[in-house]
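**Student:** Chains as they are written, first to last, in our numbering: chain D, 86 to 495; chain X, 86 to 495.
Among the hints, erroneous ones may be present.
Which bits of chain X does chain D cover? Going by a derived footprint, with three or more residues having C-beta under 8 Å, they are [what the hints assert, rightly or not]:
1) 108 to 119
2) 210 to 223
3) 283 to 294
4) 299 to 308
5) 450 to 463
Subject to a maximum C-alpha distance of 25 Å in a straight line, what follows is the list of computed DSS-like cross-link-like pairs (lysine-lysine) [what the hints assert, rightly or not]:
6) X:Lys165 x D:Lys249
7) X:Lys291 x D:Lys150
8) D:Lys168 x X:Lys389
9) X:Lys291 x D:Lys389
Ranges between beta-carbon positions, derived for each pair [claimed, not checked]:
10) X:His278 x D:Pro485: 33 to 39 Å
11) X:Ala445 x D:Thr413: 49 to 55 Å
12) D:Asp188 x X:Asp272: 45 to 51 Å
13) D:Val170 x X:His278: 55 to 61 Å
14) D:Arg157 x X:Glu363: 23 to 29 Å
15) X:Asp263 x D:Leu189: 32 to 38 Å
16) D:Gly259 x X:His278: 41 to 47 Å
17) X:His162 x D:Asp487: 36 to 42 Å
18) D:Gln362 x X:Gly194: 55 to 61 Å
19) X:Asp263 x D:Leu480: 29 to 35 Å
20) D:Ile217 x X:Leu283: 48 to 54 Å
21) D:Arg157 x X:Ala366: 26 to 32 Å
22) X:Pro485 x D:Arg184: 43 to 49 Å
Rather than coming from a laboratory, the hints here were simulated on the basis of the structure. For clarity, every value in this text was computed on a predicted model and none was experimentally measured. For every residue, glycine included, the Cβ atom is placed at its ideal position computed from N, Cα and C.
2 protein chains.
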Amino acid sequence: MKNDLDVLMQSHNIDALLIVGSGKHNPAMSYFTGGAPLGQAYIIVVNGRTPILFHRDMERDEAAKTGLDTRRIENYHIDKIFKEVHGDMRLALAELLKRMFVDLGLTSGRVVVSGKDDIGTSLSVFSAFKEIMPDIELIGEIDQSILNAARATKDAHEIERIRKMGQITTDVVGLTADFLSSHTAVDGKLIKHGGVPLTIGEVKDKINLWLAERGAENPEGTIFASGRDATVPHSTGNREQLLHLGETIIFDLFPCEAGGGYFFDLTRTWCLGYAPQEVQAVYEDVKAVYQQVMEELKLGAPFKDYQLRTCELFEGLGHPTILKDQDTQEGYVHGLGHGVGLEVHEKPWSRVMGNDCLDAGSVITIEPGLYYPDRGLGVRLEDTVWIRADGVVELLADYPHDLVLPVRTN
Amino acid sequence: MKNDLDVLMQSHNIDALLIVGSGKHNPAMSYFTGGAPLGQAYIIVVNGRTPILFHRDMERDEAAKTGLDTRRIENYHIDKIFKEVHGDMRLALAELLKRMFVDLGLTSGRVVVSGKDDIGTSLSVFSAFKEIMPDIELIGEIDQSILNAARATKDAHEIERIRKMGQITTDVVGLTADFLSSHTAVDGKLIKHGGVPLTIGEVKDKINLWLAERGAENPEGTIFASGRDATVPHSTGNREQLLHLGETIIFDLFPCEAGGGYFFDLTRTWCLGYAPQEVQAVYEDVKAVYQQVMEELKLGAPFKDYQLRTCELFEGLGHPTILKDQDTQEGYVHGLGHGVGLEVHEKPWSRVMGNDCLDAGSVITIEPGLYYPDRGLGVRLEDTVWIRADGVVELLADYPHDLVLPVRTN
Numbered sequence: 086m087k088n089d090l091d092v093l094m095q096s097h098n099i100d101a102l103l104i105v106g107s108g109k110h111n112p113a114m115s116y117f118t119g120g121a122p123l124g125q126a127y128i129i130v131v132n133g134r135t136p137i138l139f140h141r142d143m144e145r146d147e148a149a150k151t152g153l154d155t156r157r158i159e160n161y162h163i164d165k166i167f168k169e170v171h172g173d174m175r176l177a178l179a180e181l182l183k184r185m186f187v188d189l190g191l192t193s194g195r196v197v198v199s200g201k202d203d204i205g206t207s208l209s210v211f212s213a214f215k216e217i218m219p220d221i222e223l224i225g226e227i228d229q230s231i232l233n234a235a236r237a238t239k240d241a242h243e244i245e246r247i248r249k250m251g252q253i254t255t256d257v258v259g260l261t262a263d264f265l266s267s268h269t270a271v272d273g274k275l276i277k278h279g280g281v282p283l284t285i286g287e288v289k290d291k292i293n294l295w296l297a298e299r300g301a302e303n304p305e306g307t308i309f310a311s312g313r314d315a316t317v318p319h320s321t322g323n324r325e326q327l328l329h330l331g332e333t334i335i336f337d338l339f340p341c342e343a344g345g346g347y348f349f350d351l352t353r354t355w356c357l358g359y360a361p362q363e364v365q366a367v368y369e370d371v372k373a374v375y376q377q378v379m380e381e382l383k384l385g386a387p388f389k390d391y392q393l394r395t396c397e398l399f400e401g402l403g404h405p406t407i408l409k410d411q412d413t414q415e416g417y418v419h420g421l422g423h424g425v426g427l428e429v430h431e432k433p434w435s436r437v438m439g440n441d442c443l444d445a446g447s448v449i450t451i452e453p454g455l456y457y458p459d460r461g462l463g464v465r466l467e468d469t470v471w472i473r474a475d476g477v478v479e480l481l482a483d484y485p486h487d488l489v490l491p492v493r494t495n
Numbered sequence: 086m087k088n089d090l091d092v093l094m095q096s097h098n099i100d101a102l103l104i105v106g107s108g109k110h111n112p113a114m115s116y117f118t119g120g121a122p123l124g125q126a127y128i129i130v131v132n133g134r135t136p137i138l139f140h141r142d143m144e145r146d147e148a149a150k151t152g153l154d155t156r157r158i159e160n161y162h163i164d165k166i167f168k169e170v171h172g173d174m175r176l177a178l179a180e181l182l183k184r185m186f187v188d189l190g191l192t193s194g195r196v197v198v199s200g201k202d203d204i205g206t207s208l209s210v211f212s213a214f215k216e217i218m219p220d221i222e223l224i225g226e227i228d229q230s231i232l233n234a235a236r237a238t239k240d241a242h243e244i245e246r247i248r249k250m251g252q253i254t255t256d257v258v259g260l261t262a263d264f265l266s267s268h269t270a271v272d273g274k275l276i277k278h279g280g281v282p283l284t285i286g287e288v289k290d291k292i293n294l295w296l297a298e299r300g301a302e303n304p305e306g307t308i309f310a311s312g313r314d315a316t317v318p319h320s321t322g323n324r325e326q327l328l329h330l331g332e333t334i335i336f337d338l339f340p341c342e343a344g345g346g347y348f349f350d351l352t353r354t355w356c357l358g359y360a361p362q363e364v365q366a367v368y369e370d371v372k373a374v375y376q377q378v379m380e381e382l383k384l385g386a387p388f389k390d391y392q393l394r395t396c397e398l399f400e401g402l403g404h405p406t407i408l409k410d411q412d413t414q415e416g417y418v419h420g421l422g423h424g425v426g427l428e429v430h431e432k433p434w435s436r437v438m439g440n441d442c443l444d445a446g447s448v449i450t451i452e453p454g455l456y457y458p459d460r461g462l463g464v465r466l467e468d469t470v471w472i473r474a475d476g477v478v479e480l481l482a483d484y485p486h487d488l489v490l491p492v493r494t495n
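Model the full assembly from the supplied sequences, consistent with the hints where possible.
**Tutor:** Okay, structure coming up:
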């Protein structure tokens, strides 16, 4: 949690954080600004002090709303700097950064850099910065980074924002189910008024509309894949495809607050009208493993234990898993889950080589699935849960797991 | 243009490009994939060869649609690498990168890195890569980078995509104008059926809906700012604010293709019902400068010449400009325009310290404006034009410049 930052910085022996990039769709920056729609900005967090937001003057109103200490980038007279360095952008931006650091009394120490930005620009500017500020060490962290560690557990305010996205997500999943069920099947295909078949593209457009109406967006896309597409876990589906009775649809919806903010993540598998026997059988295995794993989740336990447990359970039911054959495209072929927050995939991870635990405040997905590409068959169930400090594992949004979506036939 | 890449790489003495990050909202990657909705991926462009896309197996269908040469990241057995480096993600990702390079016969040379990604991760992985591949020099470029230079001029295929976004943008601006005009003003405020006043938030929600319906999104937000907000160029507007007769609205719409693709950029300034005399006067100055500059645009000319010309023209009309006082918040306070493509702001730039020219294939905005915060007054007009090889400056989407939006009064 954000409250842990000072302690994390101390334990990592870090004097400050530097966060760069745009204010939008930039998780590290949104973590501090709350998601203010800023353009290029900088945040410097000196250990023990209120974070400072350096923003463009044009965006002073948006910057003021963040509640951070703010400074105008224009105060540093970038135009004059440009002239001094003969129009060399690399040197100019390095000098700008130097002046911000000096202003905060930061002239030496270890500084962790973060933020989503063009890595070419960053490499270029940081190498110039190193030359003019030799006593500042700029450090890139990965996996066990201070910010990722803080962000891996959510405070009450963050939980409420994620819960609200969960409500929107289940609302839209429900609207999608109703929309599909409102169609009639003719010759095994869903048909619109006038006899024209419905396409997956039209369903996806509706989903986007319903999200937009609710102040959400899906910058990472939406998986609405049927038939063979549903057998490849991240295939997003083919817009031109029609919707057939008995066909499996994997609907994985992972929207975020508009402008880039907190995400939610939920998957349902549906069969239109009826479920063929082999789909029903695979679905029941996925559902059984989902329920078993959900019941076993425990505050503080290593996330990877449940990935191993899921493999064990699926193998017990006779399915191949990536534990036995990491290259398998059949059976259980992906991880059990991941953290959800300002990124749709973030810490904690369920990967077997990792060490992430289900710490209090973790928000994670549990998403077992089975895939049989040769049989045109794929099933996944996914929910997002909050690991509470009191040990309760709370579903942050609830939606029925029903496999069959009823459809009228003609 | 993309065709220029080989020559640009040669002239910069570069052996390859490495592009990292997600396939979504990552301009450098979209430039090669056309916007495939991939998660984490890598592209390596070796001079003179077809670019290679390294993708996750789960995304093989999306990868195949890009038309690039594709390779599965799983081929490199990241799990085994993890074990070899004892679960150290930094070393594992560096080793993965090394295996990709070695596979392409790239064991020495100068490689430009690009892509939008977490800069902490990149710094960390690249420093480890340097240790295991000492003969590869990873280079960050800025401003005059190879990719930015290529992207600054658009080929016919890109122009069509931008033109299509222009059509969507003007459609939505028209729908917004009609929506506002469909309301009645009571006591000087726009009122909905039932007598409740309309808010800017409701107008923005409509705009988002209309964009979503047309397969567009606005990841960078939308400026719909009235009254005092309109006097700060990048203020996005206050959702709770009501709409008053005679008040100035700056409506700056810059959507892109859904999932992150080509942008468009257009601004209109509107007064509801009538224009106060001082707004009308300022509007006429902006319009006159807009027309004059548009007429003078010439293939091959330095973009900054028109920024200087705009300052000269505004000063001739008695307005302060940033040319005379870079800190002014009154008068003409920003740049004349910018390139538009996979980013809403990209090369060529109109900045006075730069050297960008209006080369054939440039797509730029022309957006003079005047702001008087103390008088609650702001006016901007912006269109996006294509500098054609035959010297014609073509408006890529057309929408009337009318200042007054008619509104019924009661």
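**Student:** Hint by hint, note whether the structure agrees.
**Tutor:** A quick look at each hint next to the structure:
no., hint, verdict
1, 108 to 119, "holds (count 3)"
2, 210 to 223, "holds (count 4)"
3, 283 to 294, "holds (count 3)"
4, 299 to 308, "holds (count 5)"
5, 450 to 463, "violated (count 0)"
6, X:Lys165 x D:Lys249, "40 Å, violated"
7, X:Lys291 x D:Lys150, "24 Å, holds"
8, D:Lys168 x X:Lys389, "15 Å, holds"
9, X:Lys291 x D:Lys389, "44 Å, violated"
10, X:His278 x D:Pro485: 33 to 39 Å, "37 Å, holds"
11, X:Ala445 x D:Thr413: 49 to 55 Å, "52 Å, holds"
12, D:Asp188 x X:Asp272: 45 to 51 Å, "49 Å, holds"
13, D:Val170 x X:His278: 55 to 61 Å, "59 Å, holds"
14, D:Arg157 x X:Glu363: 23 to 29 Å, "28 Å, holds"
15, X:Asp263 x D:Leu189: 32 to 38 Å, "50 Å, violated"
16, D:Gly259 x X:His278: 41 to 47 Å, "28 Å, violated"
17, X:His162 x D:Asp487: 36 to 42 Å, "39 Å, holds"
18, D:Gln362 x X:Gly194: 55 to 61 Å, "57 Å, holds"
19, X:Asp263 x D:Leu480: 29 to 35 Å, "44 Å, violated"
20, D:Ile217 x X:Leu283: 48 to 54 Å, "53 Å, holds"
21, D:Arg157 x X:Ala366: 26 to 32 Å, "30 Å, holds"
22, X:Pro485 x D:Arg184: 43 to 49 Å, "45 Å, holds"
Checked against the numbered hints given earlier, the structure breaks hints 5, 6, 9, 15, 16, 19 and satisfies all the rest.
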